[in-house]
Amino acid sequence: MRCKEVQKQLAHYTTESDFSQVIRTHLLSCDNCLHSWNQLQSVDQLIEVEKNEKIAPFFTTRLEAAIEKNLHQESRLYTILKPKLAVILLMAGIITGLVIPYTFFPTTSYPMETDNSDFLFFEMTVEPNEIDVLNELI
Amino acid sequence: MVPLTDQLLVTHFLEGNKNAFRLLTERYQQKVFTICMGFTHDPDDASDVSQEVFIEVFRSLPKFRGQSTFSTWLYRITVTKSLKHIHRERFNKFKISLDFMQEKENWNLATSNHSTDENIIRLERKKLLKKAISSLTKKQRVAFVLSKYKELTNKEISEIMVIPIATVDTLIYRARSNMKKYIIKHSRNDEM
Numbered sequence: 288m289r290c291k292e293v294q295k296q297l298a299h300y301t302t303e304s305d306f307s308q309v310i311r312t313h314l315l316s317c318d319n320c321l322h323s324w325n326q327l328q329s330v331d332q333l334i335e336v337e338k339n340e341k342i343a344p345f346f347t348t349r350l351e352a353a354i355e356k357n358l359h360q361e362s363r364l365y366t367i368l369k370p371k372l373a374v375i376l377l378m379a380g381i382i383t384g385l386v387i388p389y390t391f392f393p394t395t396s397y398p399m400e401t402d403n404s405d406f407l408f409f410e411m412t413v414e415p416n417e418i419d420v421l422n423e424l425i
Numbered sequence: 388m389v390p391l392t393d394q395l396l397v398t399h400f401l402e403g404n405k406n407a408f409r410l411l412t413e414r415y416q417q418k419v420f421t422i423c424m425g426f427t428h429d430p431d432d433a434s435d436v437s438q439e440v441f442i443e444v445f446r447s448l449p450k451f452r453g454q455s456t457f458s459t460w461l462y463r464i465t466v467t468k469s470l471k472h473i474h475r476e477r478f479n480k481f482k483i484s485l486d487f488m489q490e491k492e493n494w495n496l497a498t499s500n501h502s503t504d505e506n507i508i509r510l511e512r513k514k515l516l517k518k519a520i521s522s523l524t525k526k527q528r529v530a531f532v533l534s535k536y537k538e539l540t541n542k543e544i545s546e547i548m549v550i551p552i553a554t555v556d557t558l559i560y561r562a563r564s565n566m567k568k569y570i571i572k573h574s575r576n577d578e579m
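Order-wise, the sequence lines are chains A and W. Be aware that the first sequence starts at 288, since it is given in the working numbering, and climbs by one per residue. Be aware that the second sequence starts at 388, since it is given in the working numbering, and climbs by one per residue.
By construction, these hints were calculated from the structure, which means they are not laboratory data. Glycine included, each C-beta is placed from N, C-alpha and C at the ideal position. Among the clues, some could well be false.
[What the hints assert, rightly or not] With a straight-line cut-off of 30 Å between C-alpha atoms, the simulated DSSO-like cross-links for lysine-lysine are:
no.	chain 1	residue 1	chain 2	residue 2
1	A	Lys338	W	Lys513
2	A	Lys291	W	Lys535
3	A	Lys371	W	Lys450
4	W	Lys418	A	Lys356
5	W	Lys471	A	Lys371
6	W	Lys526	A	Lys369
7	W	Lys518	W	Lys535
8	W	Lys518	A	Lys295
9	W	Lys450	A	Lys369
10	W	Lys535	W	Lys572
11	W	Lys514	A	Lys291
12	W	Lys471	W	Lys526
13	W	Lys418	W	Lys513
14	A	Lys369	A	Lys356
15	W	Lys513	A	Lys295
16	A	Lys291	W	Lys517
17	W	Lys405	W	Lys471
[Claimed, not checked] Chain W residues, not near chain A, derived (Cβ > 10 Å throughout):
no.	residue
18	Asp393
19	Glu402
20	Gln417
21	Ile442
22	Lys450
23	Leu470
24	Ile473
25	Leu516
26	Ile552
27	Ser574
Please build the complete structure, drawing on both the sequences and the hints.
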């Protein structure tokens, strides 16, 4: 039997007594497969050790202290109001940001119409100061 | 004398008797701790998660409607808290420095009764077990831990996970098979 087939079958066994003769013979001759089987067994043993691990003493006392501390830290009202308070503060911030500049720093209004002289100025081919320079040159 | 059932203790607690909660804690602390061990594989972490579980129970007990038994409800909270812890741990892994992890392992080695070689082998096996369980899907992991560590019946597991019993059977079978396959594959890779 090939190692790949044996290892496939090993996954379905829980104890050595379940082995078929073919697998038993293969394990005696193949170190690699035997190592795999030993690893499976050792992991099973480790689970047993973890399962029997005992909880630290005075757990209840420490738990009661933790609950007491917890109750002091977050009062129930605070927990409920926390998200609401955040929304209220955010809204207040937005409103303040919008209202205060207009109330205390009113913006100076600019007339919408443009003065005719502006157009004249822009339509001039030569700037007034350039005319002065040209006059000086002449 | 009337036996102090879970339901009776819950009722007493809701009436303001703090000793009832203490009795409930003492009754279930080891069971909750064992389930937490199945997820965390570390006694300190398991103890911390157990504490979180009972704090949550203390807070949520007034909301407990009694649709399931108290133990089912408690184990459900335990599973949720343990999975949250694993998620947090995965996130924190990037934050905790490797030096600290090494220091913790050295401390464990120094304080245990076994020889150094035995300890190294034990640590390797622990890592292998942790990785093998992590390789499972979330549902397979929960079903496997509840059946293997807590030895709950498939019916109880189905009530905790809110899934049919047949699905629990399949999940446990696949979890065992996948874990063993992972371990065999990993042990083969180690040798190469």
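Hints breached by this structure | 6, 20, 21, 25, 27
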